[in-house]
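A.B. asks: Two chains, each in its own frame: build the complex with the hints.
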Amino acid sequence: MTDDCEGLQARQLMLSYGRRRVIEDVSLAVEPGRLTIILGPNGCGKSTLLRAFAGQIRPDAGAVLLAGRPLRHTGARALARQVGFLPQAPLAPEGITVSALVRLGRHPHRGPLSAWSAADRVACDRALAATGMSGLSAAPLDALSGGQRQRAWIAMSLAQETPTLLLDEPTTYLDLAHQIEVLETLQAMTRQGRTVLAVLHDLHLAARYADRLILLHEGRLKAEGTPAEVLTAARVEDVFGLPVRILDDPETGRPLPIPRRRV
Amino acid sequence: MKRLLTGLACLAVALFLAIALGEQPIPPRAVMAALLYPDEAPVQHVFIVHTLRLPRAVLAALVGAALGVAGTITQAVMRNPLAEPGLLGINGGAALAALAIMLWLPGTSATLVPAAALAGALAAATAIYALSWRGGIGPQRVILIGLGCGAFMGAGTSFLSAFGEVTAVQRAMLWLSGSFSGSGWRAVLGVALTLAPLLALAWIFARVLDLLAMDEAVARGLGLRVQAARAAMVAIGALLCGASVAAAGPVGFIGLMAPHLARRITGPTHAALIPAAALAGALLLLLADVAGQNVIAPNAIPAGIMAALMGAPFFAWLMWKGRHDG
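Same order as they appear, the protein sequences are chains A and B. Per the numbering used here: the first sequence = residues 1 to 263. Per the numbering used here: the second sequence = residues 264 to 589.
Okay, chain B solo, but in the shape it has when bound (with noise of 0.2 Å):
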């Protein structure tokens, strides 16, 4: 309990900044006063704060939980600490599907993106799926499946990118990095609706995912339908990572990181590694993307290209750190 609040401390203090940081920064005691008194506030911090950085930031952490929550899933039911969303075919499914839509469709985009991204996704994992199919799926089966069905969409992405119209693939490349930008409440609502049920069905079915992250036997032993267990746990992580991807393209390395960040706190029981995860996922990408634009203003850095700048070394640093200290 201790530890939960102080994650969601550390979540207030990154909410704060975010709305604070920016090309134009806002002091914080003006910040607190746009908050709370947004009536006598002056209308441009109002504006800054309501309109343009608290939806943004708020769209970064749900999507930041909704991928540490998919990656809790994905390394459970695949009984590999190294699985992450990816693997299920997601990003690589709604990059090309949204790059297609875009080189093909220009002019469409803004509204049909989100909705390719999501076909796309939902159309990559269950492809992934039915191919790893074999009166049943095993975790390896799907993993390497999933690794060459990636590598299959990633040749598709760049072949489409190398041949497609130089001003439609580079708008398509910032939405393929990531990037939170220009998202307002409209977006948030749709985000948290949709995620919002997925993630309390994680949590609920917390005891599952360790029964799924255990021998398929034990499992089984303790009258988990493991099949139809793992079936429904990874179209719940498929959903979630799905919708994520809809909201702000695909982030990466969040699913990977989040998780193990989380366990290190928590240990591997999901009644409390799902909230560490879902609040590690929001933490990291949440500063990522406050780090994003403010690292090299006025230029912003996508949060998912930053997230993975950060990240990388951070997490090589943690299983080396690990690694030595027994």
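Same shape as in the complex, but just chain A (with noise of 0.2 Å):
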């Protein structure tokens, strides 16, 4: 691992939750242009690290490297042109459409006292397009379904318009079609070239999306690769405690963990 490396890096990073230690000396690097997904059980630190890597957090030790530069010495406008960040289930004002959201991704591209220029206007309307959101965009954000919701926040970081994009369990309460459909827009947006890295919690979804893995146990790393190197037989039991058999995925050839029965 290098510092002139383009993307993202974790270096011996330390993060805690409150007086918790949560993340215990990982150092990794997030490959560009490709999707990778962070797994692990309940409670190993899978969205503090996120949080990390989105600057949110502060590290007790190491850093998250941006480009080879410390995060923190990152303002944290130049920061939010560079890295957009979508928090679990995100709150927004009762009654806000989904066009006034997605203008709000513009923001570390304004100024304070800028009009609304055409390349705004022109990222908004990609963003919408990029989600299938383009007709909803007048509605209200609150008269929209679970999978719609998660679209629009979706474009509002599209129209950010970074190089990376990190998503906290981005398909949460959504249905297996809705989930899919995130999944393939994060997948399209990786063909565009931007990293995106997200947290998940369905291993087949993430072994049948992602390019990359990431596999925390405990706080620590325990794996990264491709779907096939990470998710092994042994480690998913090591992991998660449930013994699993791994089929090949029929429609993709990823590898399929089937929780063996219990006797």
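Calculated directly from the structure, the hints in this document are not laboratory data. Certain hints may be false.
Label pairs and their computed distance ranges (CB to CB) [stated by the list, open to error]:
| hint | chain 1 | residue 1 | chain 2 | residue 2 | range |
| --- | --- | --- | --- | --- | --- |
| 1 | B | Cys273 | A | His204 | 58 to 64 Å |
| 2 | B | Gln490 | A | Ser114 | 41 to 47 Å |
| 3 | A | Ala138 | B | Ala390 | 42 to 48 Å |
We put the beta carbon where it would ideally sit given N, CA and C, even for glycine.
C.D. replies: If you want it as structure tokens, here you go:
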């Protein structure tokens, strides 16, 4: 791992949540232009690690680097032009419309007094189109279904036009069809050269869509690599405490963990 | 734009009403004459319009606008539609300081009360902010501590008035109910010069308010330094509200009601909401003052009391209707 790496890196990262140490000595590099998914059991520090990559929490020790520079040396607005972050189930004021939400994504690109520019409009239109939300841009967010609402939030992040996008459980509360829709949107973003890092719960969907997986266990990095490299039966059992068989997904050839029947 | 013009037209009508109605009503044509051709109009009308009613009406509108905007800011920063500037301790601090001055330093009150009120308001706001600080402020904590401090200052105010000298307490009570009686152009000018830059700042920072009203993590992810922005916006709100209290005494309810009314028309985006809330606040307080002067004339009800008397049922109806409309 070198310092002149272009993307996000964690170097000997230590993170706490309150007084509790959550991430213990994690070093890894997020591969640029790929969809990377962070996996691990509940409470293993997935979301905390993601928030540190977004510059939302300060490390106890170690550092998060962006293009070789520690995040804490990057200004808030400058960072927001490089890295977008979507928390889990975010809150928005009542009555806000999809287009008003998406326009907020342009904030880091606008000065305090600058008017709404053509570039801002193009970015918003493109973000709405990429998420299939163009027809709903005038709708209030509260009136949308869970899947549409999530896509509206992703559209806001897309309008931010950051080379890197971080998402915390973007498929929570969505049914299977909407989960797949969201993951396909993320996959399409990497094809346009963006780096996407997301926390996910579902091993099967993660294996199916991710280019790279990061597996955490009790605050430590357990494994990192392609889904086939990371999701072995022994490791899944070790990390999740659940014996599984790994099949080949008949659609994609990706690993498909199936829990064994308990005797 | 059309809505803005409608709002301004309503405000103009309300101003006209405020000038025409009163203990001595003036017919509309005479009002126009006194406004447009003061040299030819009867001296008595000119005096009533220009010296008594117009400055008072303008002051009520200004204070109403400031309270509407202060309420909008508070609701955005606290991320709570039920928050109102009183939570920042402004009214409680102002009331306590003004009452103390009126009771303990009788005679100097006319000039000193507004200054004491402003100082009390800002001191209370600062104290609440400081007490809520724990490596940054969280809306929930500010609301709880604001409620606590409000109750404490309310108790202090009651204690002072219970044991103070009766006539002084009575005068203080009139001031505490929020009144515009006896306001002249000098007061209007002072208030306008204080409020105008603050109102402009609030509007310039409309996008910051949009972000503060969102999830904190989202706002930070969009490059906002949340704590600094919160402190700056609370300061603007506290100053707006403090200046209003200094001008007219503590006027409640407008800061809660005006943003709600405005939000129904413009939605939650602050670039539109701020001017709308200013207009709504101006309109509400002006109408309250007009009504207060006329319903039981020749006695006058202070605008602050009238605002609550008219506003509370209207507000309840609005909320009830909103719930039943879905």
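A.B. asks: Hints first: check each against the structure and report whether it holds.
C.D. replies: Now the hints, each set against the structure:
1. B:Cys273 x A:His204: 58 to 64 Å: Check passed, 60 Å falls within 58 to 64 Å.
2. B:Gln490 x A:Ser114: 41 to 47 Å: Violated, since glutamine 490 of chain B and serine 114 of chain A (Cβ atoms, about 24 Å apart) do not stay within the stated range.
3. A:Ala138 x B:Ala390: 42 to 48 Å: Holds, at about 44 Å.
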